[in-house]
Amino acid sequence: MQFTMRRLFGADNNLLQLALLTLMIFALMTALAPDKFLRPYNLLSITYVAPELGLLSIAMMVTMLSGGIDLSVIGIANLSGILAGIFYHADAGARGPELTAMAPLSVLGGILIALATGVLGGAINGVLIARLRITPILATIGSGQIFTGAALVLTGGPAIVGYPDGWGFIGNGAVFGIAMPLLVFLLLAGFVALLLTRTAFGINLALIGTNPKAAVFAGLRLVRTVFFSYVLSGTLASVAGVILSGRTNAAKSDYGVSYLLQAVLIAVLGGSNPAGGRGSVAGIIMALLALMLLSSGMQLLRFSNFMVDLVWGAFLLASIALNALRTRVR
Amino acid sequence: MRLSVLRRSETVIALVLLAAMLLIGLINPAFWNLANLFSLARSNVVIGIMALGVLTVMISGGIDVSFPAFAVAAMYLTVRAMVAWDWQGVAGPFVMATAIGLALGLINAAFVYGLRMIPLIVTLGTGSLVRGFLLGVVGTSQVNIDRMPKSLIAFGSTELTSLSDPAGGHFALSAMLLIYLAMALLVHFLLTHTMLGRGIYALGSDGEAARRVGFDRRLTIFVVYALAGALAGFAGLLHGAMIWLANPRDFNGLELDVIAAVVLGGASIFGGRGSVLGTMLGVFMLVMVSNSLIIMHIATTWQRVVVGFIVIIATAATSWRDRRRIA
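Going line by line, the protein sequences match chains X and V. Quick note on this note's numbering: the first sequence kicks off at 3 and runs consecutively. Quick note on this note's numbering: the second sequence kicks off at 130 and runs consecutively.
The set of hints was computed from the structure by calculation and includes no laboratory data. Treat the hints loosely; a few may be bogus.
Capping the alpha-carbon separation at 20 Å, the derived lysine to aspartate or glutamate pairs in EDC-like fashion look like this [stated by the list, open to error]:
no., chain 1, residue 1, chain 2, residue 2
1, X, 215, V, 215
2, X, 215, V, 337
3, V, 279, V, 215
One side of the interface only, derived from the structure: several residues of chain X facing chain V at Cβ under 8 Å [to be verified]:
no., residue
4, 199
5, 202
6, 204
7, 318
Quick list of the computed label-pair ranges, beta carbon to beta carbon [what the hints assert, rightly or not]:
no., chain 1, residue 1, chain 2, residue 2, range
8, X, 160, V, 427, 16 to 24 Å
9, V, 245, X, 171, 45 to 53 Å
10, X, 178, V, 335, 32 to 40 Å
11, X, 110, V, 381, 50 to 58 Å
12, V, 381, X, 38, 53 to 61 Å
13, X, 306, V, 347, 31 to 39 Å
14, V, 168, X, 110, 38 to 46 Å
15, X, 114, V, 304, 54 to 62 Å
16, V, 168, X, 218, 44 to 52 Å
17, V, 399, X, 225, 56 to 64 Å
18, X, 176, V, 216, 15 to 23 Å
19, V, 267, X, 105, 35 to 43 Å
Cβ atoms here follow ideal geometry from the backbone N, Cα and C, with glycine treated the same way.
All chains should be built: construct the whole structure from the sequences, respecting the hints.
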């Protein structure tokens, strides 16, 4: 398969539209705040902030492929960071050199705890949705409450502050000048892209989303495939939790609540169909880029965070309207 | 057939509710204090009125997560307008709040009907937009009791009965309960005694069949989302009047609680099922459980875990019920 720009964009009109949008936002922000927006510092900081949201958006997209949704990603992300933090604090105390300079093996233990939280949380969602046939919206609203609630019960409310340096490196470090979160994101994004386009699991998932009944009659193992899609989404969410708490050196039960809407928005804007069957990693990355440029530009222009929420909501509605109009013309 | 099934699921909820009340009463007899029961009843009003709107949307097969944003927008805009114009009324402000909610609900309907987009995504977008507008453009400062219109405060603290406990404290049954009951009766009448109501059930059960029988899909969708918006707007201002202040950050995350209550009340998220009585019982159950944690000597941090379990158990039960019916 020849990989040319034309082929890429020709295959998916939505990507071209997104690329244009990204360029327009970039040009607009450059024109409005040329001295601030183009500074390397600004663009560099995006490579640290964007990956956690990107991972949550990919998690959202994976569940949308089968016609579901995962509203518990934030709960899983926070719980992962908090459980690892509790492990570290139990192991080496709440502060001091013993915590910051923890042995790599112990740091790895915390990372495994965080990832296990994601796998387990995703598996719970998978059982509720695939096995017990609970509607994804309600199942993940409920489980999200339980994950967030468990985080609240464990911490009692305040944030867990202080992580080992090794953990912080995942959120703040750089390898050859490239942000560590970005590397993690690109690695996982590539992995998920391969999984969705080159394996039976990914193709089955999209087929199930296109027509569940036909998929069952065709002999696809619906329960198993949907189950694993939620495990994947939970795991991606826990990685986002690791990056988030590594970057901020803290974890709290209500961090990143606004990420939920943003992840849904990026997934939809990136061409995922919430009714199932369509969605790609490339679309997510493009939509993520567009929206990160927009919100960083707006912050530089001193708009409040609430205004950013307003614009994101408007973007979601506008993208829905645009998609609807485009399909109507066809 | 359907009626008897519905009646049965309401009986089940009522029995569960009764068992929960007995259990809480056993753990701490203070639960049965009249003062506690009155305050529980009072806590039902605002959530209950919003739940009536969500119920209607759910019966039609949709979902609405934007109503808390609409409610807070209607409340805050109305109260700010009253303060700015030195406007001391009751009926007028409530009409204004309801109209704001209704107008916003119509936007939801336009997107859901006109662009055939999934209601969850649409209402996530409109909710975020309205909240962003309110906090980013209108303001973030809360209107405190000293500037809150006197007429609203007086209205919100109207009492049906006024009693004193032996210790000399004063407690009362809020008259706002009557408003809640009136709204519930109205929605019940709409759903069960009008052609429009039958259309809402029909659309939720089978949209294609409803269309072929001749129900107007556009009218039904617009009525459903406009009603949810209007009820939310009304409930929002009522909330302000009852707590004597207007905080533009209120109702954050309330959508989960209300949807949980409606599902708990036996409504199906796939549409076509649900009743006002069931929803009122579901609301009472949720409010009672989350308000009684302290009475049961459980830390309030557990509240979200409890609500989460209620949602999952209720939805698992409904999906089990629906599957058995299909089989």
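Hint check:
1. 215/X with 215/V: With Cα atoms ~61 Å apart, residue 215/X and residue 215/V exceed 20 Å; violated.
2. 215/X with 337/V: holds, 18 Å
3. 279/V with 215/V: Measuring from Cα to Cα gives roughly 10 Å; hence the hint holds.
4. 199: violated, 24 Å
5. 202: violated, 28 Å
6. 204: violated, 22 Å
7. 318: holds, 4 Å
8. 160/X with 427/V: 16 to 24 Å: holds, 20 Å
9. 245/V with 171/X: 45 to 53 Å: holds, 47 Å
10. 178/X with 335/V: 32 to 40 Å: Given range 32 to 40 Å: violated, Cβ gap about 59 Å.
11. 110/X with 381/V: 50 to 58 Å: violated, 37 Å
12. 381/V with 38/X: 53 to 61 Å: Roughly 32 Å apart at Cβ, these two residues miss the hinted range, so it is violated.
13. 306/X with 347/V: 31 to 39 Å: At 38 Å between Cβs, range holds.
14. 168/V with 110/X: 38 to 46 Å: Given range 38 to 46 Å: violated, Cβ gap about 51 Å.
15. 114/X with 304/V: 54 to 62 Å: holds, 58 Å
16. 168/V with 218/X: 44 to 52 Å: This hint holds: roughly 51 Å between Cβ atoms.
17. 399/V with 225/X: 56 to 64 Å: violated, 19 Å
18. 176/X with 216/V: 15 to 23 Å: violated, 58 Å
19. 267/V with 105/X: 35 to 43 Å: violated, 53 Å
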